[in-house]
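Colleague: Residue numbers (the numbering used here), protein chains in the order written: chain A, 1 to 116; chain B, 1 to 115.
Only true hints are included.
Not close to chain B: a few residues of chain A, all C-beta gaps over 10 Å, as computed:
1) 19
2) 24
3) 28
4) 64
5) 85
6) 87
7) 116
List of simulated lysine-lysine pairs, DSS-like, C-alpha gap at most 30 Å:
8) B/102 with A/57
9) B/61 with B/49
10) B/58 with B/71
11) B/58 with B/69
12) A/71 with B/102
13) B/112 with B/71
14) A/11 with A/57
15) B/49 with B/71
16) B/69 with B/49
17) B/61 with B/102
18) A/11 with B/102
19) B/69 with A/57
20) A/57 with B/49
21) B/58 with B/112
22) B/71 with B/102
Simulated from the structure, these hints should not be mistaken for laboratory data.
Being a predicted model, the structure only gives us computed values, none of them experimental.
Every residue, glycine too, gets a C-beta built ideally from N, C-alpha and C.
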Amino acid sequence: DTGVSQDPRHKITKRGQNVTFRCDPISEHNRLYWYRQTLGQGPEFLTYFQNEAQLEKSRLLSDRFSAERPKGSFSTLEIQRTEQGDSAMYLCASSPMTSGVTGELFFGEGSRLTVL
Amino acid sequence: AQSVSQHNHHVILSEAASLELGCNYSYGGTVNLFWYVQYPGQHLQLLLKYFSGDPLVKGIKGFEAEFIKSKFSFNLRKPSVQWSDTAEYFCAVNAPPSGTYKYIFGTGTRLKVLA
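Please construct the entire structure, taking both the sequences and the accompanying hints into account.
Modeller: Structure, rendered in structure tokens:
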């Protein structure tokens with residue numbers, strides 16, 4: 001399967017712990033996006049990368065959240081000192097730069113976080 | 001700031017009924033518009049998109065959408081729904097002249113089609 005891959009698919013943690021999610025985009029895709037989705041809501045933009053550069057970051061992304069894409073391939077999203085309000089599905093998507101802004105986002109299955 | 005509104009949160013239809021889901025966006029400049037679908041247990045996937053040209057766009061599985069610039073709308077339609085169309089539908093927008101490649105999504109419409 002050559003789609004967007006996310007790991008882990010499910011994570012249960014206690015409040016105050018740190019968690020990290022990994023996303024492997026489709027191999028030729030230069031842009032990588034992180035979104036958060038809670039029940040009854042649409043995907044909320046968190047951040048996106050073009051190659052290894054983080055070009056935009058939402059105000060939703062507090063100081064406890066950090067994302068990296070060190071070699072322009074896979075990306076990690078870390079949440080430090082988790083809170084119950086962080087419980088959500090974290091979605092990764094990728095897009096080829098050649099498609100410009102009209103291109104399709106290819107989504108992964110998501111990583112579901114539950115903070116107890 | 002850009003935003004997307006989907007007014008119908010839940011829609012229940014019988015098979016063969018016609019479907020129209022509303023989507024309005026708030027941005028005065030040039031926009032690209034998308035409809036995504038999420039079938040139960042699956043990831044989000046693109047149904048159709050509009051970026052220029054004919055404002056009536058056709059997508060997969062018999063869906064179409066019409067861009068009406070004067071109304072800031074991009075409503076999704078299907079003449080005759082099937083049970084397999086049961087899913088959640090999301091409208092999305094991006095605005096390239098603003099210099100961002102960020103996509104903004106609406107809150108979604110959950111469609112249930114009764115067999």
